[in-house]
Amino acid sequence: MDPLTRLESRSIYILREARRAFTPMAMLWSLGKDSNVMLHLARKAFGGRVPFPAVHVDTGKKFPEMYAFRDRYSKEWELDLIVRDCPPLADTDDTLPPAARSAARKTAGLKNVLKEFKFRALIAGIRRDEQAIRAKERVFSPRDASGAWSARHHPPEFWDQFSTGLPEGGHMRIHPLLDWTERDIWLYTRREKLPVIELYFARDGKRYRSLGDQDITSPVASAAQTVDDIILELESSKIAERAGRSMDHEAEDTFERLRSDGYL
Amino acid sequence: MTKALTPVVFAGHVDHGKSTLIGRLLADTNSLADGRLEEVIASCKRRGVEFEPAFLMDAMQAERDQGVTIDAARILLKSGTRQFRIIDAPGHESFLRHMVSGAAEASAAVLVVDSSEGVREQTRRHAMLLGLLGVVRIIVVVNKMDRVREPQPVFDRISAELKTLMADAGLETHAVIPAVARSGEMVVRRDGEKGSLLAWWAGPTLLDAMEGLPDEAEAIERPLRMPVQDVLKEGDRRIIIGRVESGKLSEGETVLLSPSGQTAKIAGLVAWPDDAPTAFGPGDAAGFVTESRLFIDRGEVISAVSSPAREGNQFDARLFWLADHALRQGDAVHVRLGTADALGEVLKVHKVSDAGREGVVAQDEIPTGSIADVTLRLRRPVALDDYRDDPVTGRFVLVEKGVICGGGRISLEGYQDQGAARRAKASHIHYFASAVTRADREQRTGHRGGVIWLTGLSGSGKSTLANALELALHRRGWSSCILDGDNLRHGLNADLGFSPDDRTENIRRVGEVAALFAQAGMIAISAFISPYREDRDRARAAAGEGFHEVHVSTSLAVCEERDPKGLYQKARDGVIKEFTGISAPYEPPESPNLEIDAGSQPIEICVEQLLDYVDRNFRL
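Chains as they are written, first to last, in the numbering used here: chain A, 4 to 267; chain B, 307 to 926.
No lab work stands behind these hints, which were simulated from the structure alone.
It is possible that some hints are incorrect.
Unchecked claim - Computed list of lysine-lysine pairs in DSS-like fashion (alpha-carbon distance at most 30 Å, straight line): (1) A/LYS209 x A/LYS64; (2) A/LYS196 x A/LYS209; (3) A/LYS65 x A/LYS209; (4) A/LYS118 x B/LYS876; (5) B/LYS571 x B/LYS539; (6) A/LYS78 x B/LYS539; (7) A/LYS65 x A/LYS196; (8) B/LYS707 x A/LYS118; (9) B/LYS384 x A/LYS196; (10) A/LYS118 x A/LYS78; (11) A/LYS121 x B/LYS539; (12) B/LYS351 x B/LYS384; (13) B/LYS384 x A/LYS209; (14) A/LYS65 x A/LYS78; (15) A/LYS196 x B/LYS539; (16) A/LYS64 x A/LYS196; (17) B/LYS657 x B/LYS469; (18) B/LYS707 x A/LYS121; (19) A/LYS114 x A/LYS65; (20) A/LYS78 x A/LYS114; (21) A/LYS65 x A/LYS118; (22) A/LYS118 x A/LYS64; (23) B/LYS707 x A/LYS114; (24) A/LYS121 x A/LYS78; (25) B/LYS871 x B/LYS883; (26) B/LYS384 x A/LYS241; (27) B/LYS707 x B/LYS876; (28) A/LYS241 x B/LYS351; (29) B/LYS554 x A/LYS196; (30) A/LYS114 x B/LYS351; (31) A/LYS64 x A/LYS114; (32) A/LYS65 x A/LYS241; (33) B/LYS883 x A/LYS121; (34) B/LYS654 x B/LYS707; (35) B/LYS876 x A/LYS121; (36) A/LYS118 x B/LYS883.
What the hints assert, rightly or not - For each label pair, taking beta carbons as the anchor points, the in silico distance ranges come out as: (37) A/SER239 x B/GLU467: 43 to 49 Å; (38) B/ASP801 x A/GLU253: 57 to 63 Å; (39) B/THR560 x A/GLU201: 50 to 56 Å; (40) A/ARG155 x B/ASP792: 46 to 52 Å.
Note that the structure is a prediction, hence the values are computed from the model and not measured.
Glycine included, each C-beta is placed from N, C-alpha and C at the ideal position.
If we strip away everything but chain A, and leave its shape as in the complex, we get:
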């Protein structure tokens, strides 16, 4: 079995396990390359139809191309789409650095969605190779009633057996793409001919590696015009994928603090 098919097959296994273990459950759709792959995997896992809602927690600050993409493909893929706005910046922890505060809005929006729909599990497209704290994640990762995460108390997880126990009032985060790399995502996007938001391709010598809010994401130098170019670029690049995400670089503990509070 080739490595890409192996990754695909395991992700499908995880999605099928999750669906059987948790109702109601939803998939987080950030409109980026990773969650688009994840939606495609969910369609494969369940015969072409995503059997749970796709949730877009909207900061209101995404690029116009991303909203257009959402509106087009939510119809084309027949998604049960839920869109909810994030609360204003004033409602977030003011001891966080500025960009991190901006990211914390998403956490607050996520908590509102959990409260409104009482989801017992949320599927999210994070990967271990993105960030050192995410490198320690589990495929099934429990959150307590306040949404908080504690790596120290991670339950055991091995042999593709997943702990489903939750603290009272908590929910599970499911991470089917944890073992994928950025390059895998693009190889798979190419193999499955998935649609790609134009922002990932170079314009005037720059492209976005990772798509967040407009005001806290910046493009990196690149000449990649096609998915093939991107794959080639990644083979030699040593620039971190999230280099353009300012929240990651404000302070050493920013990402961990955000995550402990329920960020992705």
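Fit chain B to the known structure of chain A by using the hints.
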């Protein structure tokens, strides 16, 4: 083409230098993203410590502050043609469950030993666990060689000790290498940053040894095993989904389902959006439809009829235990095998070893972090494999409140295959059944045998109707029998609780018993809420012809107003959880044989309707 990726776990006793070694490996192979090294250097400066390569993996504040790895991290390493996923497993015994979680996904391990300390408790425990987890290819690094005065003899002594340990744990020693992780000597380069201490070493560096690891072994040809994950409903189609763990699943093939013992012909394989293949192989996410409709659910194992999965409710196991409390002989356990969940008990603890120290420590109690040989007994038979026959389906995990707390492998030595015994018996029974036919029996009783299956909400009038019907039938000399929920729960179903699984099993047994009465020529009247269509369909299949589904369709509002046992009130107050109609669904029959609304008409009229129906359908 994506290069194959070899996952390698770094294990060993706390403070023997695992994270430092990995940090060095990453830095010297140039595997780090730009800025990552600078970020770590800045972090070390802020803390006023010397450059600490371990911080590359130990990203959490608590890990950096306390200088200890808490949870396993994974990071990619590229070297020449090879790609590795490096897994940094914590060495502290408090974080053993994190070590196991990281190690289990590896195909090889690097065991790190401090030259000044030699083999310590976690060195031994990790070695034993790696063996049980099935990670058998080991590279040993004897680290901190700058700390000993006479490196060569120390290395030789530790090497010899380690080789014995590896053999005890059932591991294959791929290489034993002296190194100084902090300076980088014998990690990627042969010499260190501050000169060369190990010039006498002619063997490989760590990276050389890693590059020499064999690629992922090809799966050995084994017979078909596919644990069922779920059944997808697509209109009338039922698609059985799961992962093929071994062997091949082909269109047109007849397969066995265990433990239900059904056989099925595979009518077609299913895939989206691609065309379905003609066969699924090991590791494939599979889906298929069967030729005839089956009652199948998660937990069954699909296997080849020619070499079927075994069945049993008892087996021997060697397990490792990770929960915070000890496991004792006689304790109740929740065992998960593949996708099957079963309750049972620890029938016997044969031998317990601390795993960190040599020898046997206790007889009947399994403390946290130890390894034990036990016999487990389950309440129901499940599909089983001996781990020597199939290392994937031959293992299980233990679960407490949904959290995994141990794992082990199955030995079936000396156990009979209950499935084979039952299959042999089943053909036997068929012979007797045909000696006295159903018609013979009906001739004698004067009426047909069959099942009146009353279904409806709690308080809808099922029991009242069932009792009235039985009395009326008895008066005219017909033989009938009521299957009552409470009565059955005292005997036949005494082992069942009220979880969804147990409810399903309860209804399954009622269906089977009702079918037996029907075959004996009687009219079995069952009065269960039986809220799920699937469960009722299964009862219908058990009874064959002569199954009559009667929907007592009294509305929820009326039932709740009556509330004869005060149950609805309790459900509304949250005292009773998962109560049908309030907090759990009721799936009404799509086309019942008879519908009786006992809410809008007097009960006498309802009894008349039922009797009239029975007269029309059961009189010869």
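Tested hints:
| no. | hint | in the structure |
| --- | --- | --- |
| 1 | A/LYS209 x A/LYS64 | 20 Å, holds |
| 2 | A/LYS196 x A/LYS209 | 23 Å, holds |
| 3 | A/LYS65 x A/LYS209 | 18 Å, holds |
| 4 | A/LYS118 x B/LYS876 | 25 Å, holds |
| 5 | B/LYS571 x B/LYS539 | 19 Å, holds |
| 6 | A/LYS78 x B/LYS539 | 23 Å, holds |
| 7 | A/LYS65 x A/LYS196 | 24 Å, holds |
| 8 | B/LYS707 x A/LYS118 | 24 Å, holds |
| 9 | B/LYS384 x A/LYS196 | 27 Å, holds |
| 10 | A/LYS118 x A/LYS78 | 26 Å, holds |
| 11 | A/LYS121 x B/LYS539 | 25 Å, holds |
| 12 | B/LYS351 x B/LYS384 | 28 Å, holds |
| 13 | B/LYS384 x A/LYS209 | 26 Å, holds |
| 14 | A/LYS65 x A/LYS78 | 19 Å, holds |
| 15 | A/LYS196 x B/LYS539 | 28 Å, holds |
| 16 | A/LYS64 x A/LYS196 | 28 Å, holds |
| 17 | B/LYS657 x B/LYS469 | 24 Å, holds |
| 18 | B/LYS707 x A/LYS121 | 21 Å, holds |
| 19 | A/LYS114 x A/LYS65 | 19 Å, holds |
| 20 | A/LYS78 x A/LYS114 | 26 Å, holds |
| 21 | A/LYS65 x A/LYS118 | 24 Å, holds |
| 22 | A/LYS118 x A/LYS64 | 23 Å, holds |
| 23 | B/LYS707 x A/LYS114 | 25 Å, holds |
| 24 | A/LYS121 x A/LYS78 | 25 Å, holds |
| 25 | B/LYS871 x B/LYS883 | 16 Å, holds |
| 26 | B/LYS384 x A/LYS241 | 12 Å, holds |
| 27 | B/LYS707 x B/LYS876 | 25 Å, holds |
| 28 | A/LYS241 x B/LYS351 | 24 Å, holds |
| 29 | B/LYS554 x A/LYS196 | 28 Å, holds |
| 30 | A/LYS114 x B/LYS351 | 37 Å, violated |
| 31 | A/LYS64 x A/LYS114 | 19 Å, holds |
| 32 | A/LYS65 x A/LYS241 | 26 Å, holds |
| 33 | B/LYS883 x A/LYS121 | 17 Å, holds |
| 34 | B/LYS654 x B/LYS707 | 23 Å, holds |
| 35 | B/LYS876 x A/LYS121 | 22 Å, holds |
| 36 | A/LYS118 x B/LYS883 | 20 Å, holds |
| 37 | A/SER239 x B/GLU467: 43 to 49 Å | 44 Å, holds |
| 38 | B/ASP801 x A/GLU253: 57 to 63 Å | 58 Å, holds |
| 39 | B/THR560 x A/GLU201: 50 to 56 Å | 52 Å, holds |
| 40 | A/ARG155 x B/ASP792: 46 to 52 Å | 47 Å, holds |
In terms of the numbered hints stated before, the structure departs from hint 30 and from no other.
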